[in-house]
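Asker: Chains as they are written, first to last, in this note's numbering: chain A, 1 to 261; chain B, 1 to 261.
Simulated from the structure, these hints should not be mistaken for lab results. Hints are supplied without guarantee of correctness; some may be wrong.
For identical chains, the list gives no copy identity; a pair is met inside one copy or between any two copies.
[Stated by the list, open to error] Derived DMTMM-like pairs: lysine to aspartate or glutamate, alpha-carbon spacing no greater than 25 Å straight-line:
id : residue 1 : residue 2
1  : Lys27     : Glu125
2  : Lys229    : Glu242
3  : Lys147    : Asp68
4  : Lys229    : Glu125
5  : Lys27     : Glu163
6  : Lys261    : Glu246
7  : Lys234    : Glu139
8  : Lys261    : Asp198
9  : Lys261    : Glu188
10 : Lys234    : Glu151
11 : Lys159    : Glu206
Number of protein chains: 2
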Amino acid sequence: MYYLLNLAIMIKVVLIGAGNVACHLYKAFKKADAVEVVQWYNRSTHAIIQYQNETEICDKINNLKDADVYIIAISDDAITNVSRKLPFNDKLVVHTSGSLNIHGLDKKNRRGVFYPLQTFSKDVELDFSNVPFCIEVLEKKDLPILKQLAEQIYSPFYKINSEQRQILHLAAVYVNNFTNQLYRIAHEISDIKNINFDILKPLISETANKVQNVSPYLAQTGPALRNDKKTINKHLKLLDNETHKEIYKLLTKAIQETHGK
Amino acid sequence: MYYLLNLAIMIKVVLIGAGNVACHLYKAFKKADAVEVVQWYNRSTHAIIQYQNETEICDKINNLKDADVYIIAISDDAITNVSRKLPFNDKLVVHTSGSLNIHGLDKKNRRGVFYPLQTFSKDVELDFSNVPFCIEVLEKKDLPILKQLAEQIYSPFYKINSEQRQILHLAAVYVNNFTNQLYRIAHEISDIKNINFDILKPLISETANKVQNVSPYLAQTGPALRNDKKTINKHLKLLDNETHKEIYKLLTKAIQETHGK
């Protein structure tokens, strides 16, 4: 593996954008043996000017340098437009969006997707070995370069088409945003009774750990699964907030539908 | 800390019940320096007979031995009845239930609660340092013995009254059962498009990790928080299952209520 990496040909990258994903990618590529960020473009250099001693900073799209791959890591709405403005043809241009179709990129270039399926926080250094990449290309010959990019930052990667990627983006809303809202509800109802939220943290961790090895279907337990009406009614009586109550009822129903109760 | 543990007086325990919690507690106490399970009672010895060379196994409640604490780890519905049948008075008797009030124990004995807030799997050895105990007593003098029990198995512990414990039990349903059902939905919609569920596992872990240090309120991201109607509608169109759709809408609404959108 290491031998292979050392033999890998240097990949020249132009990075486009200055948001969370772009910044984390920049830092990861910087540490990689066989990736060179030859230029970092953003419409305003304000956010990236601090890196001007490490790489070429640029805010004129017509001045983009030659590279093996152009990575557009900006908000979904702006990707198509920026891809149209690129001042060259037949280069490999990829975006990092979970929901934009690969055809959202202007067809004058070879198109691809390099979507990291993870939640990114500013200021927290990311371990890219925990960031799986969804890779898509239109021309087979472009696959190795995206694979090498992922390998260079020790990320797992999967070939995922645009239709699948949309589903993954949706699934990510369930396991990240919606799950986090359930944590929030637990925090809220605990706070009201002066209960330290720390007590719940090991259970939160263990619930996530369990499904790393066991399917969520088999991992399920609790009053909804057992159809324990006494406990369910007791819980509903404890809830004041109407939305919390609706969520309790709906997820209880969903568990029972899944398990055929 | 270690010095203290070594000086601790041996606690004699009689364990009542043969379910998941009882079995995990037995194994943890067995390894502890200053806890001795002097007897293990169950109405049928079938499930625990394999331990007869290590401790005294018993199925006659009238034959219970003298001990410092009697731990009733059986199903909620049966606790009150078993506590009434105990053939002694003024001993410390605790249950391990998340939802039963401390007064659910017969008042002829000194009462307490020793509730482990964690999800238990059969056959998987448990690390009790990840199992916080909710401790409750009616008489202050009984507190040290429950604290020592928790310390002896390296578990964190919190003083939690019966009202708070009910809320924690409810909160646990949100962060464990309901969260697991969201994982299940993600698994289901991924399967339909032949997507490997493994891709989502790092995100599941990171979502749980994040709230170990940041409040769920601050950890929130995504289309609901941004009120990104375009993405929300796109997602709703991708969902066929009515319950999945209802959950998407309701949790989106909940996130927006929480964040005042």
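Asker: A separate judgement is required for each hint: does it hold in the structure or not?
Answerer: Right, here's what the structure says about each hint:
no., hint, verdict
1, Lys27 / Glu125, "within (9 Å within a copy, 39 Å between copies)"
2, Lys229 / Glu242, "both (19 Å within a copy, 24 Å between copies)"
3, Lys147 / Asp68, "within (13 Å within a copy, 63 Å between copies)"
4, Lys229 / Glu125, "neither (46 Å within a copy, 31 Å between copies)"
5, Lys27 / Glu163, "neither (30 Å within a copy, 49 Å between copies)"
6, Lys261 / Glu246, "both (19 Å within a copy, 19 Å between copies)"
7, Lys234 / Glu139, "neither (58 Å within a copy, 27 Å between copies)"
8, Lys261 / Asp198, "neither (33 Å within a copy, 28 Å between copies)"
9, Lys261 / Glu188, "between (30 Å within a copy, 18 Å between copies)"
10, Lys234 / Glu151, "neither (52 Å within a copy, 32 Å between copies)"
11, Lys159 / Glu206, "between (29 Å within a copy, 22 Å between copies)"
Figure legend: structure checked against the earlier numbered hints; hints not met, in rising order: 4, 5, 7, 8, 10.
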